[in-house]
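S.K.: Take a look at the letters that make up each chain.
Protein chains: 4
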Amino acid sequence: MAQHQSNPRIPVSILGATGAVGQRFVQLLDRHPWFEVVALTGSDRSIGQTYAEACHWVLTSPMPDWAGGIVVTPTQPGSSERLAFSALPASIAREAEPLYAQAGCAVCSNASAFRQEPDVPVLLPEVNPDHTSILSCQRQRRGWKGFIVTNPNCTSTGMTVALKALQDAFGLEKVFAVSLQAISGAGYPGVPSLDILDNVIPYIEGEEEKVEFEPRKMLGQVQADGFQLAKCKISAHTNRVAVSEGHTVCLSVEFSRPPSDLAEAGRVLAGYSAPAISADLPSAPRPVIHLLTGPDRPQPRLDRQFGAGMATVVGRLRPDPLLHAKLVVLSHNTVRGAAGGSIYNAELLVQQGWLV
Amino acid sequence: MAQHQSNPRIPVSILGATGAVGQRFVQLLDRHPWFEVVALTGSDRSIGQTYAEACHWVLTSPMPDWAGGIVVTPTQPGSSERLAFSALPASIAREAEPLYAQAGCAVCSNASAFRQEPDVPVLLPEVNPDHTSILSCQRQRRGWKGFIVTNPNCTSTGMTVALKALQDAFGLEKVFAVSLQAISGAGYPGVPSLDILDNVIPYIEGEEEKVEFEPRKMLGQVQADGFQLAKCKISAHTNRVAVSEGHTVCLSVEFSRPPSDLAEAGRVLAGYSAPAISADLPSAPRPVIHLLTGPDRPQPRLDRQFGAGMATVVGRLRPDPLLHAKLVVLSHNTVRGAAGGSIYNAELLVQQGWLV
Amino acid sequence: MAQHQSNPRIPVSILGATGAVGQRFVQLLDRHPWFEVVALTGSDRSIGQTYAEACHWVLTSPMPDWAGGIVVTPTQPGSSERLAFSALPASIAREAEPLYAQAGCAVCSNASAFRQEPDVPVLLPEVNPDHTSILSCQRQRRGWKGFIVTNPNCTSTGMTVALKALQDAFGLEKVFAVSLQAISGAGYPGVPSLDILDNVIPYIEGEEEKVEFEPRKMLGQVQADGFQLAKCKISAHTNRVAVSEGHTVCLSVEFSRPPSDLAEAGRVLAGYSAPAISADLPSAPRPVIHLLTGPDRPQPRLDRQFGAGMATVVGRLRPDPLLHAKLVVLSHNTVRGAAGGSIYNAELLVQQGWLV
Amino acid sequence: MAQHQSNPRIPVSILGATGAVGQRFVQLLDRHPWFEVVALTGSDRSIGQTYAEACHWVLTSPMPDWAGGIVVTPTQPGSSERLAFSALPASIAREAEPLYAQAGCAVCSNASAFRQEPDVPVLLPEVNPDHTSILSCQRQRRGWKGFIVTNPNCTSTGMTVALKALQDAFGLEKVFAVSLQAISGAGYPGVPSLDILDNVIPYIEGEEEKVEFEPRKMLGQVQADGFQLAKCKISAHTNRVAVSEGHTVCLSVEFSRPPSDLAEAGRVLAGYSAPAISADLPSAPRPVIHLLTGPDRPQPRLDRQFGAGMATVVGRLRPDPLLHAKLVVLSHNTVRGAAGGSIYNAELLVQQGWLV
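Sequences listed follow chains A, B, C and D, in order. Under the working numbering, the first residue of the first sequence carries the number 1, and numbering increases by one thereafter. Under the working numbering, the first residue of the second sequence carries the number 1, and numbering increases by one thereafter. Under the working numbering, the first residue of the third sequence carries the number 1, and numbering increases by one thereafter. Under the working numbering, the first residue of the fourth sequence carries the number 1, and numbering increases by one thereafter.
What the hints contain is simulated information worked out from the structure, not anything from laboratory work. C-beta atoms are modelled at their ideal positions from N, C-alpha and C, and glycine is treated no differently. Incorrect hints may have been included.
Unchecked claim - Derived DSS-like pairs (lysine-lysine); straight-line CA-CA distance at most 30 angstroms:
1) C:Lys231 to C:Lys145
2) A:Lys174 to A:Lys233
3) A:Lys231 to B:Lys174
4) C:Lys174 to D:Lys231
5) C:Lys233 to C:Lys145
6) B:Lys174 to A:Lys174
7) B:Lys231 to A:Lys231
8) C:Lys231 to D:Lys233
9) A:Lys174 to B:Lys233
10) C:Lys231 to D:Lys145
11) A:Lys174 to A:Lys231
12) D:Lys233 to D:Lys174
13) C:Lys174 to D:Lys174
14) D:Lys231 to D:Lys174
15) D:Lys174 to C:Lys231
16) B:Lys233 to B:Lys174
17) B:Lys145 to A:Lys231
Stated by the list, open to error - Computed far set for chain D versus chain C, every beta-carbon distance over 10 angstroms:
18) Arg9
19) Asp44
20) Gly48
21) Lys145
22) Val200
23) Pro202
24) Asp225
25) Ser252
26) Phe255
27) Asp261
28) Ala263
29) Gly266
30) Asp280
31) Gln299
32) Arg316
33) Leu349
Given these sequences and hints, build the entire structure.
M.R.: Laid out in structure tokens, this is it:
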């Protein structure tokens, strides 16, 4: 287990704490060994109310008692937090997150606002923990004492973990990705029920662009002042379906050096291990990838809880008539694909010494 | 309107009439201008009961009165029918349909049993009405007075109509197809509710093989004694989602002669017309393809009823980073993709003179 | 058929036309024999746009062409309409509907704003067409040239039709009513999908009060200056379930003069006919009540379309251990329980001569 | 904590282990402090296979490793088990459970087969632990060394706990109960998805009879040779809705000695404690009843996990215009209402000394 454990816990704020992702941060930080929530921020409507009053709690486990009594404050850096988890909408994140970074905070953001910036890492600890080296450049360029780190879009998350394992072993040339995404990905109130009962919505605004970009950044190389995208091209179709939690992605991939036998790809996926610095963090899933062999798996209702929602679940590995392999990837979108991913990133930053 | 109209109606049987697809045949043949149902066949459990007694009706319009009183008979050719619509399971169809063909019946089958046979056409009147020329070969080779014609698998149906329009204009090289299929495609009782509520099943047995084969047969060339498959390769992922009716398919396609502007592909889709012999049949959808321009369409709940469920609905035409174009196709799986498709085929056969 | 038929059609406005109920008005007034839509009103956000631009159409049949081109206007009486169908929210209806009534319009309202007023009828043509006699009092008291008529809440609608048949035959003392209501009853965007997928919401604000009051007003007596409520007491629990359209209500009833055999109650329900003045109007369902005998009916998906959504569907009539009878009532909430009910009311008013 | 704890664990069999309820037994007995599974029985189709091979696992947590390797055996008493948990269908339970009782086993059954027998208790440890005194009579009358104890039907379970608290305080005269039941209550494959998507089924075979009988037996008095039913009459409507787990029941109740203020009823519910012998058993929920004060609670998706699925959740306590009070009760149907209930019963039997 990681080194930090015995020290006093690090004071953290949750920005945009009353929304669906904010609630997940509250839930997942309950009794966290390293982090202690000291502030919950919200919009004008919520400020001054207790969290219990301000928040329409939508999770299936009760709100922790400690959270209910915290008075919601404005989204402005205070004196106590050293780390801020951001569940802000992108438009607000663009303004607010830099204020926290400037004030010396480490910002671990779930927002998309800065993911395309050349000096901001999109981070998955199992995939690209070395990408945090860009933070020196980020601080210098922007004159910040703190910094911003982002986790990828919820759909990019699981597929990038699986693609990383395959890229390491066989190289990646082309990726087709078609998602079947859960309604919780749109937040609350989010998708109107009339739009999704007995229905599919074959469109999620801005999502295909993210899925075609973010994995290439994470699978690429960090350099002194930016990132070189991975060479693989990605084509994405993104769909909303009547699932509460868990994004399913159908992938077809072309390798640079295809294995003679797909069983080898299966072994590569099942055996993938995180870099040492990420492997033993409190939120690290073990194993990183669950490879299911049932012909009809993974399924979101049955398989989204692997690794307490932090694991990547893969199944249906089989040949593709056009490219080399087909597979299906499942990842919990509000745990691993949102709050849990940010927390795992923060643990990595602690371990790497960025929070001293 | 077509020529047959004024003659007495052709007596037809529905084979396997008590199941979900059988019920659609009954519903769609109610007051059909050319066909009159004279027999409804069923399994041992149903024989001797009236259709009203034997059938657990699952459609949202009431069972026609004339059908409720018909006594269910065994699936054996009788003396009166000249045309048999088959809603049989594949395993039973393999035995029973040839008996009807031998007895002189035209069999229009929704079953998959004979779709791969080199002398059996898989038929969509808007796509390949000329493929019925193989029936001479079929009769001669098998010594039948009648013949068997099939309609494609419900997922192949809509995508093949759209691909035909594109192939005619630009040629087709590669097709990626990922389906989000309705539960009614599995019949009744079909998919257990525990398997699909808050869930996706990323697997439908045998379906991907059908979707990778049947469109190529329909888009290919009929020859004296068989078919030459279209050269385009197809890669398919098939998924079950919580939708009652309407299969959605995400397509990425590579053209042989790509248009300089995708708007041209839109005009080709919207302007596609059926061959003259198919265009004015009673079940012909007009237009053949509805091209929707809303950014989030087609959607099964909203758009499956276009053309009374017989039309192909296309939307989200846009560039693809790997191939040339992405699009989304929707087709009503139990109307166009099953019973309605068989009936439209039968109308074509009448028009072509195969039922004299 | 009713007398009005050959005259020129009456010009009508739809107030609040862009919402879900407003859309139903547009759909159901398409090709109406008596009424012609001349104005569609909306909120500031919509005014000046065409209806096609302003409206997020959520119905499963396409928007009529004539409607798409109408420019949305403010909700203020114009010079042309003689009849206004109101799909306004209650808070806006309270201000706007009197302006139309004052200007001489007949207002047929789906809003709850005036249902509790002693001089405003809550009207179901099969149940209480005589209640329109209060309109003389309403005009005089309020100094209006026109008037306001309301249709009941969607949950009260079907149960009141069934209760009317039973009250006429056996008298009514007590009614227990537990509803399972469709999401469309909450409008659009209405119920968030996260609140209803894999869930039940046992609460709908203000609904139980309506269901405990409105049927008693309709089943009561009209007097010169008000209404005497029916003596039966009603206890209601109202629930939201994952159904798109169709409200199901479980009823237990105590009669004043119970039949010796419940089969007699069945005959009374199945044989119930509307008063003569209501029976042949264009929107009149025939029969008024469909009595289903299957042990598991009515069901919303299968049975909501009886009488084009205007009929009341009843099933599961059986003894009650505490009161006299249990039954289940189904009614289409956005057709019969909203726009269709208002239109049927307007037809009655024409037939009664209130629109000369 | 209870006395048994330090002894070696009691060997138990699960009868009918491959079905949905059988799987819950396996899951809930994983690492149980008192019980150790030594046999899993199944039908001819499963016998001789390992449990992993024979079982289509439908739960959302993985099958325990120890269970996967057990070879499924016939449903016949063996030499090792002293306790048998029965997840058998009623028709098979009627034959098989007596064989186990005769062989000396304590049978804790989820089946309905013996619930109506005058010498078989229907048991909820928080409600009627004293009812096990009938077992002496049962053994003597039937000549068994063991005995059969049943848990109630899943819908009766939660409502009986709430009614017990109210009966103790105020007496009970009349109860109206309308259920909205989860699909998992019908087992697997159970409810076809076409029957429940966008639908309600207002009928569950045999269910209303159970709900009108079982609570009265549990709320009644045990005597030397049978039970005196509680005097309260119950009227039940039972419905199936699109919920995976958690039965919601709307209750209206008439008291013998109504409280002057319903807040007192709230205090009675929230403060209800199990009899001392049941209060500290391993599966005992603490508190017994969660009283929720949110206006729209309980909801199955949000509240079914209270007390690890063993608690009774109550909300919406309010006056009733006909009787005295309305309330809503939620209970987890496959945990508390099935396997978990049987296990809690078995713990009570151990504590009472019936398993020595």
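S.K.: All hints are to be evaluated individually against the structure, with a verdict given for each.
M.R.: Quick rundown of the hints versus the structure:
no., hint, result
1, C:Lys231 to C:Lys145, "33 angstroms, violated"
2, A:Lys174 to A:Lys233, "5 angstroms, holds"
3, A:Lys231 to B:Lys174, "21 angstroms, holds"
4, C:Lys174 to D:Lys231, "21 angstroms, holds"
5, C:Lys233 to C:Lys145, "36 angstroms, violated"
6, B:Lys174 to A:Lys174, "14 angstroms, holds"
7, B:Lys231 to A:Lys231, "29 angstroms, holds"
8, C:Lys231 to D:Lys233, "24 angstroms, holds"
9, A:Lys174 to B:Lys233, "16 angstroms, holds"
10, C:Lys231 to D:Lys145, "60 angstroms, violated"
11, A:Lys174 to A:Lys231, "9 angstroms, holds"
12, D:Lys233 to D:Lys174, "5 angstroms, holds"
13, C:Lys174 to D:Lys174, "14 angstroms, holds"
14, D:Lys231 to D:Lys174, "9 angstroms, holds"
15, D:Lys174 to C:Lys231, "21 angstroms, holds"
16, B:Lys233 to B:Lys174, "5 angstroms, holds"
17, B:Lys145 to A:Lys231, "60 angstroms, violated"
18, Arg9, "35 angstroms, holds"
19, Asp44, "31 angstroms, holds"
20, Gly48, "37 angstroms, holds"
21, Lys145, "39 angstroms, holds"
22, Val200, "5 angstroms, violated"
23, Pro202, "5 angstroms, violated"
24, Asp225, "26 angstroms, holds"
25, Ser252, "6 angstroms, violated"
26, Phe255, "15 angstroms, holds"
27, Asp261, "19 angstroms, holds"
28, Ala263, "19 angstroms, holds"
29, Gly266, "16 angstroms, holds"
30, Asp280, "32 angstroms, holds"
31, Gln299, "5 angstroms, violated"
32, Arg316, "6 angstroms, violated"
33, Leu349, "33 angstroms, holds"
In this structure, the hints that do not hold are numbers 1, 5, 10, 17, 22, 23, 25, 31 and 32, in rising order.
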